[in-house]
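First to last, the sequence lines map onto chains A and B. Just so you know, our numbering puts 135 at position 135 of the first sequence, and the rest follows in order with no gaps. Just so you know, our numbering puts 306 at position 306 of the second sequence, and the rest follows in order with no gaps.
I should point out that these hints are in silico values taken from the structure, not numbers from a laboratory. Among the hints, erroneous ones may be present.
As the list claims (entries may be wrong) - Taking beta-carbon pairs under 8 Å as the criterion, some of the chain A residues facing chain B (in silico):
no., residue
1, A42
2, E57
3, N58
4, H62
5, S79
6, A82
7, N113
8, I115
9, I163
Said to hold, decoys possible - Covered by chain B, per the in silico footprint, the following chain A stretches (three or more residues, Cβ under 8 Å):
no., stretch
10, 43 to 55
11, 63 to 76
12, 156 to 162
Unchecked claim - In silico negatives: residues of chain A with every beta carbon more than 10 Å from chain B:
no., residue
13, D9
14, Y24
15, W34
16, E85
17, R93
18, R103
19, I151
20, D153
C-beta atoms are modelled at their ideal positions from N, C-alpha and C, and glycine is treated no differently.
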Amino acid sequence: MSERTTTQDFERSDVEDFLYHEAYLLDEWRLDEWGELLTEDAWYLVPPNDVPKGNPENTLFHVADNIDRIRSRIKRLKSRHAHAENPHSRTRRLITNVRITARDSEMISASANFIVMRYRRNEQIRQYVGVYEYKFAVEDGQLKIAERKAILDAEELGQLGSISILL
Amino acid sequence: MQCKRFIIDDPERMLFKVSRSVFTRPELLDKENEIIFNKCWIYVGHESEVSKKGDFVTRNVAGRPIIFNRDSGGQVNAFFNTCSHRGAIVCREREGNCKTFRCFYHAWTFSNKGDNIAIPGEDSYPPGWDKSHMGLHNVPRLESYRGFYFLNFDKHAISLDEYLAGAKEYLDLIADQSEIDEMEIIQGTQEYDMKANWKLLVENSFDDYHVVPTHITYLDYLKDSGVEIALPKGLLMPAHGIGKPLGNGHAVIDNKTYRGRPIARWMPIYGEDAKPVIEEKRKELVQRLGEEKGMRIAETNRNLVIFPNLVINDGSSITVRTFFPVSHNQMKVTAWALGPKEEGPVARRVRLDSYLTFYGPGGFATPDDVEALEVAQQGYETYQEVEWSDISRGLHKEEQLNTDEIHLRTFWRRWNELMTGETTLGTN
Chain A
1 MSERTTTQDF ERSDVEDFLY HEAYLLDEWR LDEWGELLTE DAWYLVPPND
51 VPKGNPENTL FHVADNIDRI RSRIKRLKSR HAHAENPHSR TRRLITNVRI
101 TARDSEMISA SANFIVMRYR RNEQIRQYVG VYEYKFAVED GQLKIAERKA
151 ILDAEELGQL GSISILL
Chain B
1 MQCKRFIIDD PERMLFKVSR SVFTRPELLD KENEIIFNKC WIYVGHESEV
51 SKKGDFVTRN VAGRPIIFNR DSGGQVNAFF NTCSHRGAIV CREREGNCKT
101 FRCFYHAWTF SNKGDNIAIP GEDSYPPGWD KSHMGLHNVP RLESYRGFYF
151 LNFDKHAISL DEYLAGAKEY LDLIADQSEI DEMEIIQGTQ EYDMKANWKL
201 LVENSFDDYH VVPTHITYLD YLKDSGVEIA LPKGLLMPAH GIGKPLGNGH
251 AVIDNKTYRG RPIARWMPIY GEDAKPVIEE KRKELVQRLG EEKGMRIAET
301 NRNLVIFPNL VINDGSSITV RTFFPVSHNQ MKVTAWALGP KEEGPVARRV
351 RLDSYLTFYG PGGFATPDDV EALEVAQQGY ETYQEVEWSD ISRGLHKEEQ
401 LNTDEIHLRT FWRRWNELMT GETTLGTN
């Protein structure tokens, strides 16, 4: 494969392959490897259900992690003291409708629909449904996640309860 | 209903126990609705949510759909959100600003003061039929304290002021954080269910005994971020915290913090750019309120429970949290962030960031609380064989620490008193 250096060198199918791989790592709880998919200034965001287009600087989010806190979150989730995820949930992510929505010299923006099904012990199935919005940078010929936002369709979390997994 | 005792409150034997049946017997919920949620003052919203004329929010309060609004004359109201004609909810939006509410079913229209202002085909109603009685119904009582609005479905209830009793001092410590006397609810609502009895969240909200074992990953996160967590030997948490009853079932834990407070105690996690802003605020508090009160706001965390179901945690940030039972083993929780309205962008960012590191469904702590309460609820299914939960921690001591359980006992004594008419002897 020829060297890919710019955002123009990546197509929708590359993004799709990336997302499938990412989903695999998250579902398998290979969180350190997932962390390697991120840039050094990455963000992971889950907006509140009632302000899905909000900005975490002036809106109370569910999750607004910079890279340091993403790493802390990974550390937490790997700990047996993360009681909400001990034992770990089994999850299965279905990723569809992958689209590149914008592209400039620095970034590729992409979106994808998701269903994350979560099963744990004797709990009911929880289905988190929504859309991912990504910003990808290109580093060393690879796509890297600069921003990953999971916007839930549910108007409130209600019986979905906590978002104790990496959504 | 066969009613064995709900609590054992025995100062002579130094025992305080709660029957686990209070979490598991579905029929108790009917009585709680009748005696507690229909008679106590229940939080409905904050004045900042309806700051402009015409602003409204809709919410569910103790099972009733409610419109909380500010009308065109500037008055704050709480209406039952039901058409006086045939019952449909007249306002289906979560929030907004409007002069009128129009029921889509038969197009009856109400002003934002609740008056009925239009009935299509009104001339078909019989002679003497009185439209003036066809407005939206106000809740029986609506009163506020320093911006916090409470309603009461019992029109004979004591005043809110009298009801709040000692809790007012703690609401003051929150409200006084704004130099212009305007605190505001920040946009973004956290709503989530827990599969646990609602009273378990009352306990959990000011139970400091669980903090270390349950939230060890949060404390690790703080340590990793450069916060020195010095826990005195032999104690689970710093000894300078207290638990305190405030009257009418309200109680608080009040402790000097070992970590930052986004209002006025900087810690590295907040970022260097926030340091001067937070230090400036610290000075402002002392200047305006005096050294003692200013430093109290800057240096102490407080978890306040206003009976039965309002929690204000002034810790990692300020939460306003309310919750209602859906069934005996499920509750619906709603939580908001509160901050001074005049706060600049840096302080606001720190406040929100600090909030969600700990609190809320995606935080580093709340999901573990949810897990704790849900597994407790599951454990209580053994209540017929394993009947009692022990809440005697600290009962023998004069000074009650925040890690003792006097605040939990305060809630349970009041709950028991309302549910059974029995006043128990214990005071500690």
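Can you tell me if the stretch 43 to 55 of chain A counts as covered by chain B, using C-beta to C-beta distances under 8 Å and a minimum of three residues?
holds (count 7)
Please settle this one: A:D153 was flagged as non-interface, so is its CB more than 10 Å from every CB on chain B?
holds, 14 Å
With a cut-off of 8 Å on the beta carbons, see whether A:A82 makes it to chain B.
holds, 5 Å
Would you check chain B against the stretch 63 to 76 of chain A, counting CB to CB pairs closer than 8 Å, and say if three or more residues qualify?
Result for this restraint: holds, n = 8.
Could you check if A:E57 really has its C-beta closer than 8 Å to a C-beta on chain B?
holds, 5 Å
Checking the smallest CB distance to chain B, is A:D9 really beyond 10 Å?
holds, 35 Å
State whether the coverage of the stretch 156 to 162 of chain A by chain B holds or is violated, taking the criterion as 3 or more residues with Cβ-Cβ distances under 8 Å.
Three-residue rule met by the stretch 156 to 162 of chain A, so holds; n is 7.
Regarding the hint that A:S79 lies at the interface with chain B, is the smallest CB-CB distance below 8 Å?
OK, holds: A:S79 within 8 Å of chain B, min 5 Å.
With chain B as the partner, please determine if A:A42 meets the hint condition of a C-beta pair closer than 8 Å.
violated, 16 Å
Checking the smallest CB distance to chain B, is A:Y24 really beyond 10 Å?
holds, 22 Å
If I take the minimum Cβ distance from A:E85 to any residue of chain B, is it greater than 10 Å?
It is violated; A:E85 is separated from chain B by about 8 Å at its closest Cβ, not greater than 10 Å.
Is the interface hint for A:N113 satisfied, with its Cβ closer than 8 Å to some Cβ of chain B?
violated, 20 Å
The earlier numbered hints that this structure contradicts are 1, 7, 8 and 16.
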